[in-house]
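Single-letter residue listing:
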Amino acid sequence: MSLHKGRGFACINYPIGMNLGGDPSQALVHSTPDGKFMVTLSAIDLGQGMKSVTRQIAAETIGVPVEDVYVDTADSDTGPHDMGSFASRGTHRVGNAVIQAAKEARGVMLEAAAEELEVNAGDLETDGHGNIHVKGAPGRTITVEQTAIAAQFRQGRTISGRGIFLIPMSDVDPDTGEMTPVSCFAHAAVVVDLQVDDETGEVEVLEVNSAYEVGRALNPKMVEQQLIGGAWMGISHALYETTEPYYPNRDHGPTDFNQYLMPGAGQVVNHNIAVLERPAEDAPFGGKGPGEMCANPLLPAVANAVYNAVGVRCDTLPITPEKVLRGILVNGGAQNRGG
Amino acid sequence: MAKTPVQFTLNDKETAVFVDGGANLLDVLRRVVGDLSPKYGCGQGTCGTCTVLIDGEPRLSCLTLAETVSDQSIETTGGLADGPDLHPLQRVFMEQFAAQCGYCTPGMLMAAKALLARNPNPQREDVIEAISGNICRCTGYEPIIDAILDAAGEMRGRVS
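Protein sequences appear in the order of chains A and B.
Take the first sequence: its position 113, counting from 1, is numbered 113 in our numbering, and each next residue is one higher.
The number in our numbering is simply the position in the second sequence, starting from 1, with 1000 added.
A couple of the hints might just be wrong.
[As the list claims (entries may be wrong)] Straight-line C-alpha distance at most 25 angstroms; calculated DMTMM-like pairs for lysine to aspartate or glutamate: (1) A:Lys51 - B:Glu1142; (2) A:Lys5 - A:Asp34; (3) A:Lys51 - B:Glu1095; (4) A:Lys36 - A:Asp171; (5) A:Lys5 - B:Glu1142; (6) A:Lys5 - A:Glu207; (7) A:Lys5 - A:Asp193; (8) A:Lys36 - A:Asp175; (9) A:Lys221 - B:Asp1150; (10) A:Lys5 - B:Glu1067; (11) A:Lys36 - A:Glu60; (12) A:Lys51 - A:Glu213; (13) A:Lys103 - A:Asp127; (14) A:Lys36 - B:Glu1142; (15) A:Lys221 - A:Asp315; (16) A:Lys103 - A:Asp171; (17) A:Lys5 - A:Asp282; (18) A:Lys221 - B:Glu1095; (19) A:Lys221 - B:Glu1067; (20) B:Lys1013 - B:Glu1095; (21) A:Lys221 - A:Asp45; (22) B:Lys1003 - B:Glu1067; (23) A:Lys5 - A:Asp198; (24) A:Lys221 - B:Glu1154; (25) A:Lys135 - A:Asp68; (26) A:Lys135 - A:Glu116; (27) A:Lys135 - A:Asp173.
[Claimed, not checked] Derived contacts from chain A toward chain B, CB cut-off under 8 angstroms, selection only: (28) Ile44; (29) Phe153; (30) Pro254; (31) Ala265; (32) Gly266; (33) Ala274.
[Said to hold, decoys possible] Beta-carbon label-pair distances, calculated as ranges: (34) A:Glu204 - B:Gly1021: 43 to 49 angstroms; (35) B:Gly1157 - A:Val66: 28 to 34 angstroms; (36) B:Glu1057 - A:Gly84: 54 to 60 angstroms; (37) A:Tyr70 - B:Ala1016: 46 to 52 angstroms; (38) B:Gln1123 - A:Thr32: 46 to 52 angstroms; (39) B:Lys1003 - A:Gly21: 19 to 25 angstroms; (40) B:Thr1009 - A:Val66: 49 to 55 angstroms.
The hints are simulated quantities; they were obtained by calculation from the structure and are not laboratory data.
Because the structure is a prediction, the values reported are computed rather than measured.
Where a beta carbon is used, it is the ideal one built from N, C-alpha and C, also for glycine.
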């Protein structure tokens, strides 16, 4: 038996969103009488942090502390329509809709404050701490809370805003076949180091190094967390996960998720990440979002590393010990390739 | 079907319930007692999110017959915080982004609490061993392992 080390590389240009039908997202923003803001969406946060990111985006746009913003998601009866959380579109599409809604709400808020302070709304600015000042005259101030109370109980004004993000539907050019299904791309490159046991066919990942370009990382800790976790999801798809593993007799196959292979805490290896920030022009504060490409490039990188290690080119996933051993057998032994 | 009276302490509180024969502890905690902090994941003892402490030991509540916990002490995530003060494990999990979707978190916290009770100064391998029965789909485990190690350090500092 011997262990063969291999290194695999893969890179990805990942489309943000899918413009087949305009890919719309909507958002509604309204203030409560105590000067907090509610963002209502029907996009769902599956755990990747869209709630946190849209909260940051709304707070930044309205000009209030992030603590004063609440995000309500995932009710298509009470929230405005959204295509959904898929295609890595959450930060970009929903974020843009939130900006539009938050801008409108901010506009009404400043008008209400202007009426209270008896100044022009254009002369007002927010300090991000819950106050609205007259520019150049910081003494002339009103809190967002007082403004909301005045709007609600005296002025009869709703501090609210509507937002939608919609890009022109992309049709296929009949002459060239060209189309523009997405509005921007995120990018990544990953290197996987692993070793293959030529007796058992087992593949063990040793280290992952990656560089991700995600626009601006709106919440850097969450980006890092998603990249690390997503990479493991990719490795897991590459090496372990399938609902229908090949067995000569189907009766020997798994019958439930308790026989579905997934990595455990003991399989974690070092993953060094470089996050490159190139803010995208049409993205909310430049953030494109990591999304699905956290996982995608790991699959080809693992496959390439296995080929590098033992010369076996697996073109179906997952790369099971059986496939590796059969490949080694066909090749007449493990051969280091493409190194 | 006849019901069996079962008494135990849940997070130091005397609890008495009538349970159906064959009812598992997870169902009893969630549906009868109303403690929703242990989660139902696979229901087969594979994922670990239903982990509770029984007399200090981590146990899968979905595979534990409720009738067997008479006179025993049950701890769940619901009892970790002291009023408004989060348990160090909870706080460090939150500060260090050791949760994404959060579904595995109650099980991870209870597995970690049991580890730190028997080994206040765990090495990385000890933490991995302690949470090896808990599956996390989102984080890749690293932030969870780091958070448990840091919480251990913090709790040692507090004791000494």
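Here is what the structure says about each hint:
Taken as a hint, the Lys51 (chain A) and Glu1142 (chain B) pair is honoured in the structure, with Cα atoms around 23 angstroms apart against an allowance of 25 angstroms. A threshold of 25 angstroms between alpha carbons decides the hint, and for Lys5 (chain A) with Asp34 (chain A) the separation of about 62 angstroms lies outside it, so the pair is violated. At most 25 angstroms may separate the alpha-carbon atoms for a hinted pair to count; Lys51 (chain A) and Glu1095 (chain B) meet this at roughly 17 angstroms. Taken as a hint, the Lys36 (chain A) and Asp171 (chain A) pair is broken in the structure, with Cα atoms around 42 angstroms apart against an allowance of 25 angstroms.
Straight-line distance between C-alpha atoms of Lys5 (chain A) and Glu1142 (chain B) comes to about 24 angstroms, which keeps the hinted pair within the 25 angstroms bound. At most 25 angstroms may separate the alpha-carbon atoms for a hinted pair to count; Lys5 (chain A) and Glu207 (chain A) meet this at roughly 11 angstroms. In summary, the hint linking Lys5 (chain A) to Asp193 (chain A) is supported, as the alpha carbons are separated by about 7 angstroms, within the 25 angstroms threshold. Proximity of Lys36 (chain A) to Asp175 (chain A) is assessed by CA-CA distance (about 53 angstroms); at most 25 angstroms being required, the pair is judged violated.
With a C-alpha separation of about 17 angstroms, the suggested pairing of Lys221 (chain A) with Asp1150 (chain B) holds against the 25 angstroms cut-off. The suggested pairing of Lys5 (chain A) with Glu1067 (chain B) is violated, with an alpha-carbon distance near 53 angstroms, which exceeds 25 angstroms. Proximity of Lys36 (chain A) to Glu60 (chain A) is assessed by CA-CA distance (about 14 angstroms); at most 25 angstroms being required, the pair is judged to hold. Straight-line distance between C-alpha atoms of Lys51 (chain A) and Glu213 (chain A) comes to about 22 angstroms, which keeps the hinted pair within the 25 angstroms bound.
Between Lys103 (chain A) and Asp127 (chain A) the alpha-carbon distance is near 16 angstroms, which keeps this suggested pair within the 25 angstroms criterion. At roughly 36 angstroms between alpha-carbon atoms, Lys36 (chain A) and Glu1142 (chain B) are farther apart than 25 angstroms, so this suggested pair is violated. A hinted pair counts as satisfied when its Cα atoms are at most 25 angstroms apart, and Lys221 (chain A) with Asp315 (chain A) does not qualify at roughly 35 angstroms. Restraint check for Lys103 (chain A) and Asp171 (chain A): the C-alpha separation of about 31 angstroms exceeds 25 angstroms, so the hint is violated.
At most 25 angstroms may separate the alpha-carbon atoms for a hinted pair to count; Lys5 (chain A) and Asp282 (chain A) exceed this at roughly 43 angstroms. Between the alpha carbons of Lys221 (chain A) and Glu1095 (chain B) the distance comes to roughly 10 angstroms, so the proposed pair stays at or under 25 angstroms and holds. A hinted pair counts as satisfied when its Cα atoms are at most 25 angstroms apart, and Lys221 (chain A) with Glu1067 (chain B) does not qualify at roughly 44 angstroms. Straight-line distance between C-alpha atoms of Lys1013 (chain B) and Glu1095 (chain B) comes to about 29 angstroms, which puts the hinted pair past the 25 angstroms bound.
Restraint check: the Cα-Cα separation between Lys221 (chain A) and Asp45 (chain A) comes to about 17 angstroms, which is no more than 25 angstroms; the hinted pair holds. Pair hint Lys1003 (chain B) plus Glu1067 (chain B) holds up; C-alpha atoms about 10 angstroms apart against a cutoff of 25 angstroms. About 11 angstroms separates the Cα atoms of Lys5 (chain A) and Asp198 (chain A), which keeps this hinted pair within 25 angstroms; it holds. Restraint check for Lys221 (chain A) and Glu1154 (chain B): the C-alpha separation of about 21 angstroms stays at or below 25 angstroms, so the hint holds.
In summary, the hint linking Lys135 (chain A) to Asp68 (chain A) is supported, as the alpha carbons are separated by about 23 angstroms, within the 25 angstroms threshold. Among the hinted pairs, Lys135 (chain A) with Glu116 (chain A) is consistent with the structure: their alpha-carbon atoms are about 15 angstroms apart, no more than 25 angstroms. A C-alpha spacing of about 51 angstroms is found between Lys135 (chain A) and Asp173 (chain A), which places the hinted pair above 25 angstroms, so the restraint is violated. Of the supplied interface hints, the one on Ile44 (chain A) is violated, with its beta-carbon coming no nearer than about 11 angstroms to a beta-carbon of chain B, more than 8 angstroms.
Against a cut-off of 8 angstroms between C-beta atoms, the interface hint on Phe153 (chain A) is violated, since the closest Cβ of chain B lies about 32 angstroms away. Annotation: interface hint on Pro254 (chain A) violated; nearest CB of chain B at approximately 12 angstroms, more than 8 angstroms. A hinted interface residue such as Ala265 (chain A) counts as satisfied when its beta carbon comes closer than 8 angstroms to some beta carbon of chain B; here the least separation is about 4 angstroms, so the hint holds. For Gly266 (chain A), the shortest C-beta to C-beta distance to chain B is roughly 5 angstroms, which falls under 8 angstroms, so the interface hint holds.
Taking 8 angstroms as the C-beta cut-off, the interface hint given for Ala274 (chain A) is violated, the closest approach to chain B being about 16 angstroms. With their beta carbons about 46 angstroms apart, Glu204 (chain A) and Gly1021 (chain B) fall inside the hinted range of 43 to 49 angstroms. Between Gly1157 (chain B) and Val66 (chain A), the C-beta spacing of about 30 angstroms keeps the proposed range 28 to 34 angstroms intact. Taking the beta carbon of each, Glu1057 (chain B) and Gly84 (chain A) are about 43 angstroms apart, not inside 54 to 60 angstroms as hinted.
At roughly 39 angstroms, the beta carbons of Tyr70 (chain A) and Ala1016 (chain B) sit outside the given window of 46 to 52 angstroms. Distance hint check for Gln1123 (chain B) and Thr32 (chain A): the Cβ-Cβ separation is about 49 angstroms, which falls inside the suggested range of 46 to 52 angstroms. Between Lys1003 (chain B) and Gly21 (chain A), the C-beta spacing of about 55 angstroms breaks the proposed range 19 to 25 angstroms. Distance hint check: the CB atoms of Thr1009 (chain B) and Val66 (chain A) are about 40 angstroms apart, inconsistent with the given range 49 to 55 angstroms.
Hint compliance for this structure: hints 2, 4, 8, 10, 14, 15, 16, 17, 19, 20, 27, 28, 29, 30, 33, 36, 37, 39, 40 are not met, and every other hint is.
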